[in-house]
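Protein chains: 2
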Amino acid sequence: MPNPTAAMLVIGNEILSGRTRDSNLHFLAGELTRHGIDLREARVVSDSAAAIVQAINELRSRYDSVFTSGGIGPTHDDITADCVAEAFGVPVDVRDDARALLEAHYARTGSEINEARLRMARIPDGATLIDNPVSIAPGFTIGNVHVMAGVPTVFEAMVASVLPTLTGGAPLLSQSLRIMRGEGQIAGPLRDLAAEFPDLQMGSYPFQKDGAFGANVVIRGEDGARIDAAMTRLAGLFPE
Amino acid sequence: MPNPTAAMLVIGNEILSGRTRDSNLHFLAGELTRHGIDLREARVVSDSAAAIVQAINELRSRYDSVFTSGGIGPTHDDITADCVAEAFGVPVDVRDDARALLEAHYARTGSEINEARLRMARIPDGATLIDNPVSIAPGFTIGNVHVMAGVPTVFEAMVASVLPTLTGGAPLLSQSLRIMRGEGQIAGPLRDLAAEFPDLQMGSYPFQKDGAFGANVVIRGEDGARIDAAMTRLAGLFPE
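From first to last, the protein sequence lines stand for chains A and B.
For the first sequence, the UniProt record's numbering begins at 1 and goes up steadily by one.
For the second sequence, the UniProt record's numbering begins at 1 and goes up steadily by one.
Watch out, some of these pointers could steer you wrong.
A pair counts as met if it fits within one copy or between any two copies, since identical chains are not told apart.
Within a straight-line C-alpha distance of at most 20 Å, the following computed SDA-like cross-link-like pairs (lysine to any residue) qualify [to be verified]:
#1 Lys209 to Arg60
#2 Lys209 to Thr153
#3 Lys209 to Thr109
#4 Lys209 to Ile227
#5 Lys209 to Val134
#6 Lys209 to Phe238
#7 Lys209 to Pro152
#8 Lys209 to Thr20
#9 Lys209 to Gly221
#10 Lys209 to Gln185
#11 Lys209 to Glu240
#12 Lys209 to Pro133
#13 Lys209 to Arg181
#14 Lys209 to Ile136
#15 Lys209 to Ser23
Please keep in mind that the hints were generated in silico from the structure rather than gathered at the bench.
Bound conformation, chain A alone:
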C-alpha cells in the first residue's frame, strides 16, 4: 500500500518578504519522513484571505492531510482560523473549551484575558483542538487539515501532539554517498544503476566546495537490504 500523502502550507508575509527564514518546513519534512508519510508539496502564501482559502482548498483535495503553520495569534493580521472556516464553509467563533484553556492560563500567570487574546479561542465549527504545551493557545484539526502556530517551538510541540493520531506507512529509509566528481561524470553510471533497481529512488545533489565539484548521491526506499545492495554497487562504481 502506498504511503499516505501530505502537504504543508506556510502562512505569512514575513517569509515572502525575506525578513524571516522559515524553519518549520524542514522540521515537518523530517518528522513526516520518519512517520512514513510522504510530504509531496509545500506552499508559502501571504496573509491574504483569498490566497489562504484557495491554497487550503487546493491542497486538502489533493493530499491525504495538510499541515499549516502561522497566523493563529491574537493580532489583526492573524486570519488563518477565519480562512480555514471559510474554506470548509463552516461558522467560526470563540469556543468555550478553548476560552477555558486561555482563561486558566492567564489566571495562573496573573494577567487578564482581553479581546485580542480571545481571538485565539476562535475555532471553526466541528474542529478538534490541538494541544499546545508551550503557550497554551490551541491549534485545531478540521477534516484533514491541521492548523498550527508559526513560532517554531510551538509548531514543533503541536506536530508532536498531532503525529501520534495519524496512520503512517513504512518509513522511507535512505543512505547517501559523497562522491567528489562532477555530476557530469556521475550521471551516466547512476542512470544505469537506477534502471537496475527500479524499486529504489536515486537522487544526486551537487555541491561546490573549495572550488571542487562533488555530489551527494542519495538512495531511498522501504527495503534496507535493497538499499545496501545498491549502495555497495554505487561505491564500487566510484572508488575514492
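Knowing the structure of chain A, use the given hints to seat chain B on it.
For chain B alone, kept in the frame of chain A given last:
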C-alpha cells in the same frame, strides 16, 4: 501602479524529505523585495513530472513572473527543462548555443562533454539563455518563467543575471520594533494604529526567548515618511 507580482517554484525531493534545507527562497525573497517585485507565493514540489508541469502552469497564469530552482543538472532525476517545455507545449532539444557554451567550458577544463552533460544543453524552443558565470551550464527564460539551478551559488548568480532585465516597482520599505510583551498586550493598540495608517502594512511576529514573550512589529510601505510617523507612534505606545 501596483508592483509586479512573482512566485517561486522549488523543485526537488531533497527538500520535502527533510534531507536538505532550502536557502534559495530566502535569498530570492530579499532580492525581489529590494527590486520592488512582490513575491506572493512559493511552492516546493518533488521531482515528479506531473507535479512540476501543474505547478508551472498554475503559477505562470496567476503571477507576472515565476522563478524556479532545481532540476536542471545532468542526472536522470533532472527533468525541469522537459517539464517546462511540456507546460508551454513546445519541443525541447539540445540547442547549439547552449552546447557551444558547454563544449568550450569542458575543453578549457580538459574534460570531455558526454551524453549526461549534454542534457544540460536541452533548452525549450523559444527560450533565451540565462548566464551562469559559476558553472557555465545555462538557465533559461521562457515566457514569464525563469528556470534556474538549485545549487545556491549558481542560483544566486543566475538571479543576478535575470533581475536587471525585469521592471520592478517602488521598493517596499520597512522598519521594525522589538517589543518585550506578549502579543496579547500588543494586539489591541496595534490594530487601532493599523486602522489609522491604512496605506501601511503592520505585522507582528512573536517570539519566545529565555522564557519571556516578545514580538517584532514590522511596518511596511512605500513612503518612508509615513513609516517614520507610524513607528514614532508605535514606540510611544510601548515605552520600554
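Do the hints match the structure? See the list:
In this assembly of identical chains, Lys209 and Arg60 lie within 20 Å of each other by CA distance neither inside one copy nor across copies; the values are 40 Å within and 34 Å between. In this homomeric assembly, Lys209 and Thr153 come within 20 Å of each other (Cα to Cα) only across copies, at 10 Å, whereas the closest approach inside a single copy is 33 Å. Proximity of Lys209 and Thr109 under a CA criterion of 20 Å is satisfied inter-copy only: 17 Å between copies versus 51 Å inside one chain copy. Taking identical chains as interchangeable, the C-alpha atoms of Lys209 and Ile227 are never at most 20 Å apart, the minima being 27 Å within one chain and 43 Å between chains.
Taking the shortest Cα distances, Lys209 and Val134 sit within 20 Å of each other only across copies (12 Å), while inside one copy they are farther apart (40 Å). When the C-alpha separation of Lys209 and Phe238 is checked against a cutoff of 20 Å, the pair qualifies only within one copy, where the shortest distance is 19 Å, while the shortest distance between copies is 47 Å. Taking identical chains as interchangeable, the C-alpha atoms of Lys209 and Pro152 lie at most 20 Å apart only when they sit on different chains, with a minimum of 12 Å there against 31 Å within one chain. Taking the closest pair of Cα atoms, Lys209 and Thr20 come within 20 Å of each other only across two copies (16 Å); inside a single copy the shortest separation is 27 Å, beyond that limit.
For the identical chains of this complex, Lys209 and Gly221 are neighbours neither inside a copy (28 Å) nor across copies (40 Å), given an alpha-carbon limit of 20 Å. Only within a single protomer do Lys209 and Gln185 lie at most 20 Å apart by alpha-carbon distance; the minimum there is 17 Å, versus 48 Å between protomers. With identical chains, the CA atoms of Lys209 and Glu240 are at most 20 Å apart within one copy only, with a shortest distance of 17 Å there and 46 Å across copies. For the homomeric pair Lys209 and Pro133, the shortest alpha-carbon distance between copies (16 Å) is at most 20 Å, but the shortest distance inside one copy (42 Å) is not.
Only within a single protomer do Lys209 and Arg181 lie at most 20 Å apart by alpha-carbon distance; the minimum there is 11 Å, versus 44 Å between protomers. Within a single copy, Lys209 and Ile136 get their C-alpha atoms only as close as 45 Å, which misses the 20 Å cut-off; across copies the closest is 16 Å, which meets it. Taking identical chains as interchangeable, the C-alpha atoms of Lys209 and Ser23 lie at most 20 Å apart only when they sit on different chains, with a minimum of 17 Å there against 24 Å within one chain.
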